[in-house]
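Visitor: Next come the chains, spelled out residue by residue.
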Amino acid sequence: MNNDSTAAVIEVKNLTCGYGETVVLQDVSFEVHAREVLFVIGGSGCGKSTLLRCLIGLLKPFHGDVAYFGKSFTAADTAQRRDILKTFGVLYQNNALWSYMTLAENISLPLDEHTSLSRADREEIVTLKLTEVGLAGSEDLYPSELSGGMQKRAALARALALDPAIVFFDEPSEGLDPIISREMDELILQVRENFGTTMVIVSHQLSSIFRLADRVIMLNHETKGIIAEGHPAELAATSTDPRVRDFLNPNNDLPKHTNENSAGDSKLISK
Amino acid sequence: MRQDTIAVIWQNADFQIMTPIQPLPAASLGQNIATAKLEAVITSGECRVQIGGDWRLNERVPSWNRVIQNQMALNVRVVCDDLGKWDTSLVLFLVHGRAWCAASKKEFHAEALPENLQALLRQVPLNSAAKPATKEAVKPWELASNVAKKWSHHAQQSISFLGECTLGFMGVAKNPRRFRWLDCLVEMQKCWSSSLPMVSLVSFLVGVILAFQSAVQLQQFGAAIYVADLVGLSVVRELGPMMAAFIVAGGTGARFAAQIGNMKVDDEIDALETVGISSVNFLALPRLLAVTIMMPILALYANVLGVLGGMFVSATMLNIPASAYWIETQNRVGFSDVSSGLFKCLFFGLAVGLAGCLRGMKCERSAAGVGTATSSAVVTGIMLIVLADALFAVIYNVLGI
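Keeping their order, the protein sequence lines are chains A and B.
Numbering of the first sequence is given in this note's numbering, commencing with residue 1 and proceeding in unit increments.
Numbering of the second sequence is given in this note's numbering, commencing with residue 1 and proceeding in unit increments.
Please keep in mind that the hints were generated in silico from the structure rather than gathered at the bench.
Computed from a predicted structure; not experimentally measured.
The beta carbon of each residue, even a glycine, is placed where N, CA and C say it ideally should be.
Incorrect hints may have been included.
As the list claims (entries may be wrong) - Cβ-to-Cβ under 10 Å is the rule here; a few derived chain B residues that face chain A:
#1 Leu218
#2 Gly222
#3 Met263
#4 Asp266
#5 Asp267
#6 Asp270
#7 Leu272
#8 Thr274
#9 Glu364
#10 Ala368
As the list claims (entries may be wrong) - Covered stretches of chain A, as calculated for chain B (at least 3 residues, CB under 8 Å):
#11 56-67
#12 228-240
What the hints assert, rightly or not - Computed beta-carbon distance windows for the label pairs:
#13 Trp151(B) with Glu222(A): 54 to 60 Å
#14 Phe62(A) with Glu142(B): 23 to 29 Å
#15 Glu21(A) with Ala137(B): 52 to 58 Å
#16 Gln156(B) with Asp163(A): 55 to 61 Å
#17 Pro178(A) with Ser160(B): 31 to 37 Å
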């Protein structure tokens with residue numbers, strides 16, 4: 001694992017992506033450094049999830065390149081692609097645990113696919129991973145038998161199965177209560193502490209952003225690109241862009257939306 | 001000073017013109033029906049509309065014309081008079097009134113209303129009656145081009161899926177240990193257990209029906225024993241395999257589509273892909289192999305039950321003993337008849353599996369998408385089965401089997 005804290009583990013160059021004929025993001029470039037917790041933030045529909053799908057290879061970009069550790073992911077052939085896929089884990093918004101497999105099978109499948117470990121070793125790793133996320137003893141449960149918070153933890157355990165250098169999170173605290181959401185944040189920090197994992201998190205949970213983020217990049221659906229980049233507290237305090245300030249300061253009054261068609265006054269005179 | 005009083009008590013969606021106002025106690029009606037009070041008073045060149053009581057949406061919103069009646073030339077001022085609980089029905093009434101006043105060029109004053117009611121009123125634009133523009137009708141050639149695009153898209157999807165499956169099977173042939181044999185066995189078992197009762201019933205009854213229908217005709221010529229030939233040949237060559245295939249398409253094919261489609265909706269397929277596992281290899285190939293293996297076995301079973309059905313009718317109706325029926329069947333139905341029927345089944349199974357897995361994989365990411373995928377899997381499966389059967393009829397004819 002690369003311990004040089006300034007090295008870029010992910011480089012995104014001039015990425016343009018979207019669906020069909022709709023361009024969602026245009027010419028987006030940024031880097032993710034080793035051991036960093038990077039938040040991708042922005043209002044609903046700004047292309048956060050699209051960017052994530054591009055980064056993890058589920059969506060082919062129109063133009064541009066995504067490179068992991070200096071190797072292009074977009075232009076990779078099957079073997080190279082497999083190698084790159086091994087370097088990251090993904091925690092999906094709705095967990096996406098394989099519902100017809102037990103937790104143990106869920107976690108050992110990536111190991112099965114990418115390693116030649118013996119069955120006993122795999123089982124031990126599964127136990128280890130489940131203990132790591134606080135789910136010791138639930139090897140034989142099915143995902144549907146777990147609560148939302150536990151499913152999230154199990155999904156994290158699966159994402160960490162291959163000890164990836166990077167973990168992507170899609171809305172990790174969505175649908176969790178404040179306490180479990182905070183526990184999830186603790187867990188993320190703990191994993192970073194223990195394994196030096198780089199984290200890329202798509203979220204708009206302000207509390208998590210301020211607690212975890214080393215850096216945020218903010219996307220906007222009008223500019224189809226990045227409108228702000230930096231430490232969240234600094235951005236909140238010093239940004240000159242009202243869109244950034246309003247997003248990061250929950251106590252700011254929102255600009256009043258005036259309804260142009262409204263009758264205006266209750267006293268209405270039409271002549 | 002002229003002072004007319006028109007009082008309208010609006011209650012139970014019925015208007016009663018009454019003077020003076022007599023609010024009906026809601027409790028006395030035996031049910032908790034809200035009573036809205038409405039009164040129009042003409043004073044000094046102005047029509048004061050007093051609203052009071054409880055306004056509830058489960059009653060009809062009163063017509064503004066009834067309230068004002070023929071006091072057309074006056075401005076309107078709405079005031080509250082002992083207003084109880086109210087909901088959107090009151091807002092609707094006021095909006096109607098405002099629109100009515102605007103249309104007849106009169107002033108509408110609502111300042112005396114509670115502030116929250118005024119705020120609600122302000123939210124509704126004055127010309128709220130304007131309906132959203134109706135969608136433009138799609139031109140026929142646009143429709144045709146859309147349909148053509150959709151079909152070409154479908155064709156592309158199917159061909160690429162077929163290609164992926166072929167590559168997957170080639171990979172399996174090279175490295176059979178990577179194939180998920182356990183999944184395949186589980187699917188075979190599920191296919192067998194879910195189809196067996198239906199296959200038994202349907203194929204037995206098909207045998208019975210065939211024997212019944214043909215017996216009526218053949219008996220006239222004293223050729224009742226040939227019922228055995230007819231039932232034996234048609235069941236073994238065509239109907240047994242076909243009935244088994246239809247039932248498997250409706251049960252197992254639909255299950256594949258629903259299962260895989262659901263996985264797609266829950267991002268489980270994406271999760272496979274980002275772990276580096278091909279969803280075709282992981283999900284489609286074991287299922288395809290399972291249903292391809294199970295289909296001839298089920299068809300063979302269907303053949304036996306079909307012949308038994310014919311035998312049952314002959315024994316009970318035509319007085320042909322079962323042993324005679326069996327000997328006749330054995331004489332007429334040869335090995336090539338049975339094997340040609342079962343050989344087709346491999347392709348029927350493949351067709352059912354492909355249709356189910358393809359529809360599941362290409363399922364839209366919504367609950368409705370899973371439903372569409374499932375029904376489309378069954379329809380596609382049955383269509384492919386019939387097409388394959390027609391093709392085999394021609395091939396067997398040419399080969400003289």
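Visitor: Confirm or reject each hint.
Guide: Here is what the structure says about each hint:
Below 10 Å, beta-carbon pairs count as interface contacts, and Leu218(B) has none with chain A, the closest being about 52 Å; its hint is therefore violated. Hint status for Gly222(B): violated, given a least beta-carbon distance of 60 Å to chain A, over 10 Å. Restraint check, Met263(B) versus chain A: the minimum CB separation of about 7 Å is within 10 Å; hint holds. Interface hint at Asp266(B): satisfied, since its Cβ lies 6 Å from the closest Cβ of chain A, which is below the 10 Å cut-off.
A cut of 10 Å between beta carbons decides the hint on Asp267(B): the least distance to chain A is about 4 Å, and the hint holds. Interface restraint check: Asp270(B) against chain A, minimum CB-CB distance 5 Å, threshold 10 Å, status holds. Among the interface hints, the one on Leu272(B) holds; its C-beta lies about 8 Å from the nearest C-beta in chain A, closer than the 10 Å criterion. Given hint, Thr274(B) at the interface with chain A, holds; its Cβ is 5 Å from that chain's nearest Cβ, closer than 10 Å.
Below 10 Å, beta-carbon pairs count as interface contacts, and Glu364(B) has none with chain A, the closest being about 13 Å; its hint is therefore violated. At its closest, the beta carbon of Ala368(B) sits 17 Å from a beta carbon of chain A; the interface hint therefore is violated under the 10 Å criterion. Counting residues of the region 56-67 of chain A whose beta-carbon sits less than 8 Å from any beta-carbon of chain B gives 3, enough to reach three: the coverage restraint holds. Requiring three or more residues with a Cβ within less than 8 Å of a Cβ of chain B, the coverage given for the region 228-240 of chain A is violated, as only 0 such residues are present.
Distance hint check: the CB atoms of Trp151(B) and Glu222(A) are about 37 Å apart, inconsistent with the given range 54 to 60 Å. About 26 Å separates the C-beta atoms of Phe62(A) and Glu142(B), a value consistent with the hinted range of 23 to 29 Å. The given range of 52 to 58 Å is broken by Glu21(A) and Ala137(B), whose C-beta atoms sit roughly 23 Å from each other. Against the hinted window of 55 to 61 Å, the Cβ-Cβ separation of Gln156(B) and Asp163(A) comes to about 39 Å, which falls outside the hint.
At roughly 46 Å, the beta carbons of Pro178(A) and Ser160(B) sit outside the given window of 31 to 37 Å.
Hint violations for this structure: numbers 1, 2, 9, 10, 12, 13, 15, 16, 17, all remaining hints satisfied.
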